[in-house]
Amino acid sequence: MADAALKQTIRDALKNGYFTDENDLVDVSDGADGPHGENVHVVVVSRKFDDQRAAEKEDRIWSILMQSLKPEEWQKVTLSIGVSPEEIKAI
464 MADAALKQTI
474 RDALKNGYFT
484 DENDLVDVSD
494 GADGPHGENV
504 HVVVVSRKFD
514 DQRAAEKEDR
524 IWSILMQSLK
534 PEEWQKVTLS
544 IGVSPEEIKA
554 I
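Residues in the sequence shown are numbered consecutively from 464, following the working numbering.
A portion of the hints provided could be inaccurate.
Straight line, CA to CA, 20 Å or less: simulated EDC-like cross-link-like pairs of lysine to aspartate or glutamate [stated by the list, open to error]:
no., residue 1, residue 2
1, K539, E485
2, K470, D513
3, K470, E535
4, K478, E519
5, K511, D484
6, K533, D466
7, K511, E535
8, K478, D466
9, K470, D493
10, K520, D496
11, K478, E521
12, K511, D493
13, K511, D522
14, K511, D496
15, K470, E501
16, K520, D475
17, K552, D487
18, K533, D487
19, K520, E501
20, K533, E549
21, K478, D513
22, K539, D484
23, K511, D466
24, K520, D484
25, K511, E536
26, K552, D490
27, K470, D496
28, K478, E536
29, K539, D522
30, K470, E521
31, K539, D493
32, K478, D493
33, K539, E521
34, K533, D475
Because the hints were derived from the structure by calculation, they are not lab data.
Make a model of the complete structure from these sequences and hints.
Now the structure itself:
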């Protein structure tokens, strides 16, 4: 299980950094064990991702993580997904 404090720090960085709308969803969960310890998965659902390409979504998430966390912290994020609510509806 990933460190609860780290997961909260990641969530706070994303919620306070860009995904501030009350309807933005930031989910931080346990990933698999890895070379840096327990890994973390991040899923963000936000209307701010409407009409953005996958690379733009990833860049947004990672720019916040890399600015807000120490390298040994952001290296534990092994999966990040950004989607808009419309994309979820299409599934």
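Hints, verified against the model:
{"no.": "1", "hint": "K539 - E485", "result": "violated (26 Å)"}
{"no.": "2", "hint": "K470 - D513", "result": "violated (26 Å)"}
{"no.": "3", "hint": "K470 - E535", "result": "holds (13 Å)"}
{"no.": "4", "hint": "K478 - E519", "result": "holds (18 Å)"}
{"no.": "5", "hint": "K511 - D484", "result": "holds (9 Å)"}
{"no.": "6", "hint": "K533 - D466", "result": "holds (14 Å)"}
{"no.": "7", "hint": "K511 - E535", "result": "violated (28 Å)"}
{"no.": "8", "hint": "K478 - D466", "result": "holds (19 Å)"}
{"no.": "9", "hint": "K470 - D493", "result": "holds (8 Å)"}
{"no.": "10", "hint": "K520 - D496", "result": "violated (25 Å)"}
{"no.": "11", "hint": "K478 - E521", "result": "holds (15 Å)"}
{"no.": "12", "hint": "K511 - D493", "result": "violated (25 Å)"}
{"no.": "13", "hint": "K511 - D522", "result": "holds (13 Å)"}
{"no.": "14", "hint": "K511 - D496", "result": "violated (31 Å)"}
{"no.": "15", "hint": "K470 - E501", "result": "holds (11 Å)"}
{"no.": "16", "hint": "K520 - D475", "result": "holds (18 Å)"}
{"no.": "17", "hint": "K552 - D487", "result": "holds (15 Å)"}
{"no.": "18", "hint": "K533 - D487", "result": "violated (24 Å)"}
{"no.": "19", "hint": "K520 - E501", "result": "violated (24 Å)"}
{"no.": "20", "hint": "K533 - E549", "result": "violated (33 Å)"}
{"no.": "21", "hint": "K478 - D513", "result": "holds (18 Å)"}
{"no.": "22", "hint": "K539 - D484", "result": "violated (26 Å)"}
{"no.": "23", "hint": "K511 - D466", "result": "violated (28 Å)"}
{"no.": "24", "hint": "K520 - D484", "result": "holds (16 Å)"}
{"no.": "25", "hint": "K511 - E536", "result": "violated (25 Å)"}
{"no.": "26", "hint": "K552 - D490", "result": "holds (18 Å)"}
{"no.": "27", "hint": "K470 - D496", "result": "holds (15 Å)"}
{"no.": "28", "hint": "K478 - E536", "result": "holds (17 Å)"}
{"no.": "29", "hint": "K539 - D522", "result": "holds (17 Å)"}
{"no.": "30", "hint": "K470 - E521", "result": "holds (18 Å)"}
{"no.": "31", "hint": "K539 - D493", "result": "holds (10 Å)"}
{"no.": "32", "hint": "K478 - D493", "result": "holds (18 Å)"}
{"no.": "33", "hint": "K539 - E521", "result": "holds (16 Å)"}
{"no.": "34", "hint": "K533 - D475", "result": "holds (14 Å)"}
Checked against the numbered hints given earlier, the structure breaks hints 1, 2, 7, 10, 12, 14, 18, 19, 20, 22, 23, 25 and satisfies all the rest.
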